[in-house]
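Each residue of the sequence shown is one higher than the one before, starting from 1 at the first, in the UniProt record's numbering.
These are calculated hints, taken from the structure and not from any lab test. The structure presented is a predicted model; accordingly, all values stated were derived computationally and were not measured. Treat the hints with care, as some may be off.
What the hints assert, rightly or not - Label-pair restraints from in silico Cβ distances:
1) I277 <-> L297: 41 to 49 Å
2) G166 <-> A208: 33 to 41 Å
3) A91 <-> R225: 22 to 30 Å
4) R215 <-> A88: 50 to 58 Å
5) P228 <-> A136: 30 to 38 Å
6) T69 <-> A6: 42 to 50 Å
7) R230 <-> A91: 19 to 27 Å
8) S59 <-> A136: 36 to 44 Å
Unchecked claim - Here are the simulated DSSO-like cross-link-like pairs (lysine-lysine), alpha carbons at most 27 Å apart as the crow flies:
9) K128 <-> K220
10) K128 <-> K239
11) K220 <-> K239
Glycine included, every Cβ here is placed at the ideal spot set by N, Cα and C.
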Amino acid sequence: MFSFIAQRVFQSVLVMLTVALIAFTMFRYVGDPVAAMVGQDTTTAQRLELREQLGLNDSIFVQYGRFVTQAAQGDFGMSYRHRRPVSALLAERLPATLELSFVSAVMALVLGIPMGIYTALRRNILSKSFMAVSLAGISLPTFLIGILLILVFSVQLRWLPSFGRGEVVNLGGWSTGFLTKSGLAALILPAITLALFQMTLIMRLVRAEMLEVLRADFIKFARARGLPERLINFRHALKNTLVPVITITGLQLGSIIAFAIITETVFQWPGMGLLFIQSIAVVDIPVMAAYLLLIALVFVIINLIVDLLYFAVDPRLRVQR
């Protein structure tokens, strides 16, 4: 077990160093950092002095080492646009993105897994309705779903707000919209938009895996022994269905955070994704590089957790080691 974890951690560190190299290359070679930080009236001497202060005259290896060290300490430099530390900007936007992603992930799991099990076990109108919804959810682009929801529930029915986060409450530095009525109302449409694709993907994945397992020999043998159908479905079949589902679902939950960009842009949700889009418009490289590193870290951590769950669920992996 220890060697397995150590191996995965070592691989994760290598991945993060590679992503850091990409972020450093973007930070260092996409535009001139000095030109982005000073005005037109800055003299050449002042520019040279600032270049020296930023360490841009050092060798590439020294700059990369310094970039990695500072990033590991949460120091991503100053934003060109906001003239503030990037870490402070991300910390302000992080609660909005995490709350939206959390609600979307819970929605996708709570609805997707039962719907997948139901469609695998039943052949009726409700099952066909779930499949039709899943086909629409997996086919329509996220931004189109968001626009349609805004058109129906905000413009036509006027039930829910079409943009913003609503009123938030500050709890020890964490701004949350869970405790206010307007915050919860503002969360509904973005959460549905972000969760719909993941929910339908999980549902179809669970259904496919469940059908495959139900055709296996050990399930036929269990039926021949006279075991109750409920016990066969939910104890033997579902447990074996979860192994590939955990892998795909884990990666998809990571993508909820990474690809919240589109949803946050459609609903003007003040999260990290919207900050990233705004930074691209003004070529704010430090924010872009920090966002890239942060998303990579999320994927690395989720992959590590998925591997550990995989190891715990599948006894064959423990036997092989």
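Okay, which hints does this one fail, numbers in order?
1, 3, 6, 7 and 8
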